[in-house]
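Novice: Sequence:
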Amino acid sequence: MRLSWPEIRTNAAHFSGQWIGKGYEKGQTHSFYDEFFNIFGVPRKQVAVYEQRVRSLDPGRTGGYIDLFWPGTLIVEQKSAGRDLNRALSQALDYYDWLPHSQRPRHLMVCDFQRFELLDLETRREWRFPLPDLKRHVEAFGFILGVQPRLFRNQSPVNRKASELMGRLHNALAADGYVGHDLERLLVRLLFILFADDTGIFERKDQFLTFLEQRTSPDGRDLGRWLGELFQTLDTPPDRRQHGLDPDLADFPYINGELFRERIAMPSFDHKMRDMLLDASLFHWGDVSPAIFGSLFESVIDKVTRRKQGAHYTPEQAILKVIEPLFLDDLRAEFARASALKSGRERALRALHDRMGSLSFLDPACGAGNFLVVAYRELRELEREILHELLTIDGRVELVMDVAALSKLDVDRFFGIELDEFPAMIAQVALWMTDHIANTRLAEDFGQHYARIPLVKAPGIRHGDALEIDWNHVVPASQCSYVFGNPPFAGAKFQSDRQRAQIRRLAALPGSGGTLDYVAGWFIKGAHYVAGGNARIAFVSTNSIVQGEQVAQLWPLIFRAGMDIAFAHRSFVWPGRAAVHCVIIGLAQRGDEPAQKRLFSYADAKGEPTETRHAALNAYLIDAGLLDRHMVVREEARPINGAGRLVTGTKPVDGGYLIFTPEEYRQIPDADPIRDWIRPFIGAEEYINAGCRWILALQNAPPALLRTSSVARARIGQVARFRQGLAPAKGKLEIKPRGGTAIALSHTPTAFHVTVMPDAAFLVIPQVSSDKRDYIPIGWLTPPVIPSDKLRLLPNATLWDFGILTSRMHMAWMRQISGRMKSDYMYSVGVVYNNFPWPDATPAQRAQVEALAQAVLDARALPKNATSSLADLYDPDSMPAELHRAHRDLDQAVDRLYRKAAFGSDRERVEHLFTLYQQLVDPLIHAGARRPRRVKPAPGQGL
Numbered sequence: 001m002r003l004s005w006p007e008i009r010t011n012a013a014h015f016s017g018q019w020i021g022k023g024y025e026k027g028q029t030h031s032f033y034d035e036f037f038n039i040f041g042v043p044r045k046q047v048a049v050y051e052q053r054v055r056s057l058d059p060g061r062t063g064g065y066i067d068l069f070w071p072g073t074l075i076v077e078q079k080s081a082g083r084d085l086n087r088a089l090s091q092a093l094d095y096y097d098w099l100p101h102s103q104r105p106r107h108l109m110v111c112d113f114q115r116f117e118l119l120d121l122e123t124r125r126e127w128r129f130p131l132p133d134l135k136r137h138v139e140a141f142g143f144i145l146g147v148q149p150r151l152f153r154n155q156s157p158v159n160r161k162a163s164e165l166m167g168r169l170h171n172a173l174a175a176d177g178y179v180g181h182d183l184e185r186l187l188v189r190l191l192f193i194l195f196a197d198d199t200g201i202f203e204r205k206d207q208f209l210t211f212l213e214q215r216t217s218p219d220g221r222d223l224g225r226w227l228g229e230l231f232q233t234l235d236t237p238p239d240r241r242q243h244g245l246d247p248d249l250a251d252f253p254y255i256n257g258e259l260f261r262e263r264i265a266m267p268s269f270d271h272k273m274r275d276m277l278l279d280a281s282l283f284h285w286g287d288v289s290p291a292i293f294g295s296l297f298e299s300v301i302d303k304v305t306r307r308k309q310g311a312h313y314t315p316e317q318a319i320l321k322v323i324e325p326l327f328l329d330d331l332r333a334e335f336a337r338a339s340a341l342k343s344g345r346e347r348a349l350r351a352l353h354d355r356m357g358s359l360s361f362l363d364p365a366c367g368a369g370n371f372l373v374v375a376y377r378e379l380r381e382l383e384r385e386i387l388h389e390l391l392t393i394d395g396r397v398e399l400v401m402d403v404a405a406l407s408k409l410d411v412d413r414f415f416g417i418e419l420d421e422f423p424a425m426i427a428q429v430a431l432w433m434t435d436h437i438a439n440t441r442l443a444e445d446f447g448q449h450y451a452r453i454p455l456v457k458a459p460g461i462r463h464g465d466a467l468e469i470d471w472n473h474v475v476p477a478s479q480c481s482y483v484f485g486n487p488p489f490a491g492a493k494f495q496s497d498r499q500r501a502q503i504r505r506l507a508a509l510p511g512s513g514g515t516l517d518y519v520a521g522w523f524i525k526g527a528h529y530v531a532g533g534n535a536r537i538a539f540v541s542t543n544s545i546v547q548g549e550q551v552a553q554l555w556p557l558i559f560r561a562g563m564d565i566a567f568a569h570r571s572f573v574w575p576g577r578a579a580v581h582c583v584i585i586g587l588a589q590r591g592d593e594p595a596q597k598r599l600f601s602y603a604d605a606k607g608e609p610t611e612t613r614h615a616a617l618n619a620y621l622i623d624a625g626l627l628d629r630h631m632v633v634r635e636e637a638r639p640i641n642g643a644g645r646l647v648t649g650t651k652p653v654d655g656g657y658l659i660f661t662p663e664e665y666r667q668i669p670d671a672d673p674i675r676d677w678i679r680p681f682i683g684a685e686e687y688i689n690a691g692c693r694w695i696l697a698l699q700n701a702p703p704a705l706l707r708t709s710s711v712a713r714a715r716i717g718q719v720a721r722f723r724q725g726l727a728p729a730k731g732k733l734e735i736k737p738r739g740g741t742a743i744a745l746s747h748t749p750t751a752f753h754v755t756v757m758p759d760a761a762f763l764v765i766p767q768v769s770s771d772k773r774d775y776i777p778i779g780w781l782t783p784p785v786i787p788s789d790k791l792r793l794l795p796n797a798t799l800w801d802f803g804i805l806t807s808r809m810h811m812a813w814m815r816q817i818s819g820r821m822k823s824d825y826m827y828s829v830g831v832v833y834n835n836f837p838w839p840d841a842t843p844a845q846r847a848q849v850e851a852l853a854q855a856v857l858d859a860r861a862l863p864k865n866a867t868s869s870l871a872d873l874y875d876p877d878s879m880p881a882e883l884h885r886a887h888r889d890l891d892q893a894v895d896r897l898y899r900k901a902a903f904g905s906d907r908e909r910v911e912h913l914f915t916l917y918q919q920l921v922d923p924l925i926h927a928g929a930r931r932p933r934r935v936k937p938a939p940g941q942g943l
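602 is the number that full-length UniProt numbering gives to position 602 of the sequence shown; each next residue is one higher, with no gaps.
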């Protein structure tokens with residue numbers, strides 16, 4: 001009985017290992033090819049001879065000797081390692097021409113022990129590969145077994161195109177009315193079969209492809225029937241199969257694992273759908289990567305549904321950022337220590353191996369299983385390295401008869417929870433595939449091929465809502481080692497009513513549930529889950545949970561559950577398709593956390609991080625070694641620092657109908673009396689970019705004016721209809737239900753919801769500003785400008801106020817604790833301004849700060865800057881040198897108000913400010929006050 005392809009691949013891997021680095025033509029060729037033919041279980045002397053003499057047909061040439069000759073089948077020209085194979089091929093072609101026609105072979109091969117080049121003269125197909133890759137190309141030598149290699153239309157490695165092909169098949173079937181559970185189950189089964197067809201789970205490579213091509217009709221009409229019979233066969237043990245079963249079906253193995261057990265309605269295929277499946281079958285699924293399953297998931301799941309759930313596909317590099325500091329780095333370090341021991345080395349390695357086999361993993365938002373797959377793959381690779389250390393004796397790997405007994409890891413230690421059934425099914429199949437790849441590599445290294453079929457053990461993937469079910473019902477917390485994943489990101493404004501209710505319940509938040517992102521639910525539930533065991537947690541999250549008002553809503557719950565931050569990645573740009581700024585946070589139970597907390601920081605949000613080590617980290621992901629690590633900055637209704645009140649500008653709630661663009665303003669008839677009641681309306685966008693809009697300010701307008709102005713009547717009528725929910729906002733088509741505030745205001749359509757109309761110059765801070773700028777552009781506006789609610793304004797502000805607020809010290813505080821809109825800063829009155837620790841200053845110091853603050857304004861006002869907007873002036877690439885110097889001088893003066901020693905970085909500034917903030921609030925917190933009282937204002941501060 002001939003060897004199976006998996007056995008041949010295993011033999012090829014051993015052969016490559018034995019011959020790597022060798023290559024002397026005269027002394028080693030015979031041994032090399034005797035062993036080469038043994039790869040295929042064929043004794044060389046039965047088919048081929050060495051040094052076959054052949055006479056030249058060319059006058060003046062004596063002929064030569066073929067290094068290895070198999071009449072009618074193969075010529076081999078062998079060279080020493082590193083020699084020119086082009087010359088060898090020319091020589092082999094000469095030998096071919098000199099042979100009688102009856103002996104001319106179909107195949108030519110040239111080799112230098114380390115490189116192979118094989119040519120099929122009939123099909124003109126060529127294979128070129130190095131010795132270590134021989135195991136990947138053994139099918140090219142099928143002629144040794146009497147099997148000619150197939151001609152494939154496309155043998156590209158599996159990539160996103162393959163998953164897109166499967167996605168197109170999914171969409172074609174769905175468009176034909178074959179939808180829902182049956183379609184998803186069909187697709188997952190086909191995914192497994194395509195993989196099995198390439199990797200040795202099936203006895204013959206391309207068994208399924210051959211079955212499709214030879215047994216199904218080109219029009220595809222019988223494909224559904226054949227697939228149904230194949231699924232039933234794969235789920236039936238050989239001893240229970242009918243004797244009259246079609247031989248081609250009977251050749252398929254028994255899979256089990258419940259993958260094919262359920263009977264599903266089979267679809268009707270057509271020739272296009274059959275071609276799609278054939279195209280997918282022609283890719284090499286043996287090079288499968290976990291990223292394939294994520295992209296397959298993305299290619300078929302509805303984009304709207306994915307956004308609604310907040311789901312995002314996780315690229316592999318992001319997964320490693322989670323699992324490496326969570327557990328992989330520690331395991332690898334332990335392996336390195338054990339391997340370096342001079343005594344007790346084997347005992348330490350076996351103890352590590354045993355411990356790895358006892359670990360269990362849970363991803364409570366597993367999607368298509370990418371986290372679980374990558375974790376399992378990395379653990380199996382580390383296990384392989386451990387086994388190499390244990391089984392290598394005197395430089396040679398000791399082979400074993402039972403490779404299956406070597407591995408202590410299996411998929412039944414991996415658990416997941418997934419809301420949607422389709423990705424949950426993919427996750428289970430993906431883990432089985434990863435297991436088979438790992439088993440194949442183990443067999444190549446240590447013994448005979450084996451495949452874990454029938455499937456006996458299965459991953460514990462639970463289809464359900466992770467925020468509703470008890471995670472202990474999936475895997476008891478006492479048996480779980482690590483919890484990790486990439487939970488849904490949906491922000492508070494994008495959550496469904498059900499999602500918002502879940503977060504409100506888990507966080508015990510009043511009213512509408514605060515502003516917590518949906519991902520917070522996994523942190524809260526995870527912290528309470530691991531309290532029943534010793535597991536550690538690491539989740540990917542939007543960076544919003546470590547910024548702004550969410551910090552005070554979420555982190556006290558985590559800390560009260562007994563968790564502390566063990567490691568973290570500060571904000572970085574998501575490396576996948578989703579334009580999201582993320583953090584990664586690892587949690588450990590208090591008392592069980594590592595002594596050194598690892599912090600990964602990104603100078604470039606799209607680049608690679610630098611790592612630092614700290615005694616403690618707080619919820620803002622900064623060093624908390626000298627601070628209360630559990631302290632959070634709570635939103636305050638009034639300043640606790642003695643500063644003047646910062647307020648938000650005008651909010652009209654008008655649907656845009658009281659507002660005029662510059663073009664609309666120019667079109668108002670000169671005779672219309674309404675012109676005298678229109679005022680400049682400036683928000684953050686207009687303020688930063690030197691733009692302007694206009695707004696009707698009719699609160700004190702006489703009724704006669706409103707009756708005589710056609711523009712006013714039209715605009716007021718549209719405002720009333722908008723507030724009543726009878727008209728959409730300006731420029732939009734959709735009508736949404738209006739809230740109670742808008743309805744109440746519909747009776748007074750000339751009134752604003754919030755009216756802020758200063759009668760003197762006022763300082764403004766834009767609510768949103770680009771994170772590319774070193775400074776938020778802050779400055780003054782004057783009446784008749786009406787500030788919009790996108791500006792924060794400080795009435796009666798002085799140069800002292802401006803100098804402190806525009807300083808690098810205040811900017812560092814703002815960057816650390818403000819919320820974000822994507823990556824842009826969102827300046828918060830209640831969190832940033834009201835809690836900022838202002839410095840003490842002598843009159844001389846105040847005068848110096850005011851003078852330097854004026855220098856900043858003077859630099860902006862230079863004649864050469866007259867046509868530049870604040871966006872131009874504060875762009876890092878175009879900021880004028882004199883403005884940069886003015887800010888630098890001001891920054892240094894403000895820094896000295898906080899301490900004499902210079903600050904080396906913004907992180908140092910923030911750590912110092914947190915110390916001052918803690919001094920502000922600690923006495924009152926310890927006294928039991930819910931909110932710190934206002935401290936005595938510094939001289940000259942206040943309204």
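Just so you know, the hints here were simulated from the structure itself, not pulled from any lab data. The reader is advised that the hints may include incorrect statements.
Stated by the list, open to error - Here are the computed distance ranges between Cβ atoms for each label pair:
1. 128 to 239: 28 to 36 Å
2. 875 to 735: 36 to 44 Å
3. 531 to 637: 47 to 55 Å
4. 783 to 728: 28 to 36 Å
5. 562 to 864: 34 to 42 Å
Backbone N, C-alpha and C define an ideal beta-carbon position, used for all residues, glycine too.
Novice: Does each hint hold? Answer for all of them.
Specialist: Results of checking the hints against the structure:
Our hint of 28 to 36 Å for residue 128 and residue 239 is violated, since their Cβ atoms are close to 45 Å apart. Range check, residue 875 to residue 735: Cβ separation about 40 Å, and the 36 to 44 Å hint holds. One distance hint, 47 to 55 Å for the beta-carbon pair residue 531 and residue 637, is violated here, with the actual separation near 34 Å. For residue 783 paired with residue 728, a C-beta distance near 33 Å keeps the hint of 28 to 36 Å intact.
The supplied range of 34 to 42 Å is broken by residue 562 and residue 864, whose beta-carbon atoms lie about 60 Å from each other.
When the structure is compared with the earlier hints, violations turn up for hints 1, 3, 5 and for no others.
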